[in-house]
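Participant: Below, each chain spelled out in residue letters.
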Amino acid sequence: MRLGPFQGRTPWAFMIILPEPAKASQARNAPGWKWRVRAPAGRDKTVRVRAYPRGKAASLRLLTAGVGCLAVAGIAAASGAARSWAVPAGLAVAGLASGAVGLAGARGRLLFSSVSIRFEPEPLELGGSASIRLECESAGGFLADRLSLHLRCHERACLRDQGREHVFVKKVFEKTVVLGERLRVEPGAQLCYPAQFRLPADRAPTFAAANCSLEWSVNFEVQLPGWPAATRDWAVEVAPVIAA
Amino acid sequence: MSEGSDSGFDVLLELPLPQQAPGAPEPVPTFETGGAIPCRLSIRSGSGCSQSRCILRLQYRCHGSGTPETVVAGSCELALPALGAGEHQVVTVELAAPAAGPPSYCGEHVKIDWSVVFQAPGRRPCETPIHVRPARRRP
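Chains as they are written, first to last, in my numbering: chain A, 212 to 455; chain B, 946 to 1084.
The hints are simulated quantities; they were obtained by calculation from the structure and are not laboratory data.
The beta-carbon is built from N, C-alpha and C at its ideal position, and this holds for glycine as well.
Heads up, a few of these hints could be off.
[Said to hold, decoys possible] Label pairs and their in silico Cβ distance ranges:
1) B:I1000 / A:F379: 50 to 60 Å
2) A:R265 / B:R1081: 41 to 51 Å
3) A:V380 / B:S1060: 44 to 54 Å
4) B:V1016 / A:G374: 21 to 31 Å
5) B:P972 / A:V380: 43 to 53 Å
6) A:G352 / B:V1017: 56 to 66 Å
7) A:V380 / B:V1038: 55 to 65 Å
8) B:P972 / A:S428: 47 to 57 Å
9) B:I1000 / A:V389: 46 to 56 Å
10) B:V1016 / A:G279: 19 to 29 Å
[What the hints assert, rightly or not] Chain B stretches covered by chain A per the calculated footprint, using a threshold of three residues with CB under 8 Å from any CB of chain A:
11) 1024 to 1036
12) 1053 to 1066
[What the hints assert, rightly or not] Examples of chain B residues lying across from chain A (beta carbon under 10 Å, computed):
13) P961
14) P963
15) Y1005
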């Protein structure tokens, strides 16, 4: 089964989508159904791009801390453990403030209401050229320091040892195409960026086994002044074929 | 080329080698993804052997920093005939390298090694390393 957020404006609601089989490459070694929280990048190529003022993880940590503080304050007040109301009240105020900042940060700022990507050819071939077409619709106006596309390949290995998992990741290839610098993006603007990459012939194609994989991806990065970069990734399939 | 033997018979597994300049290190049989892997098994009986069923397996091993795993990409069952003392027989089998790969790879955390394994009942598997490279698209 796959869990995915509603496409509307309710980011906290989730629905259960029909079961789908695991990716063919994974199914070869680990057949069966997989729980997936993120939409698979292969087909669903239209995404939204949000920027988070302190990064999404930091905002979620603040939100969690806020909820935790409120819970502790509530328990202390209800059980009468605190000698005065000052401690639970202080905790509640700190929790509310932290939660509000975290919630505002976790919602982020919607930069592009839709970003779609197309690859040509599909799958890509080693030693060949890859044409990528990126179409974006901006949500609100903003000033971008830089828009760029990165083609990357990572090695990923998982060592299972006495119930523990150690994951090793190494980037083995990266190429960057800068789409624009110091751009003023107007609200509702439709942007279209074609980009061309040449894949190396001496790298390995996409591969996935149970404990190791070679993953190719395209990453769209928006750099805003004074904000952490907003990024989205798409998995790319590279065939074990050297282009003519 | 690799050899295996026990009291019944000797087996020599031969795979075509790429042409190599003189003085170069010993070449490794090299094939392409989606291509054929012709294997030649040369069986020589010592003191005579009975009919037996053997398996020729094409496999790759993923190792490196992760937990090693072996994936069988193809296999072929062979019925070897009974041979008299000193008799010799050649069996030719063609295995197919999968078109979806993966090719042989040696990275920092991920390594993929291919091999052809001959296995007969009651004897050690005889493994020959091979190299698999991505197929070249014809123009």
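Participant: Could you tell me which of the numbered hints above are not met by this structure, giving the numbers in increasing order?
Facilitator: Hints 1, 3, 5, 7, 8, 10, 11, 13, 14 are the ones this structure does not satisfy, whereas the remaining hints hold.
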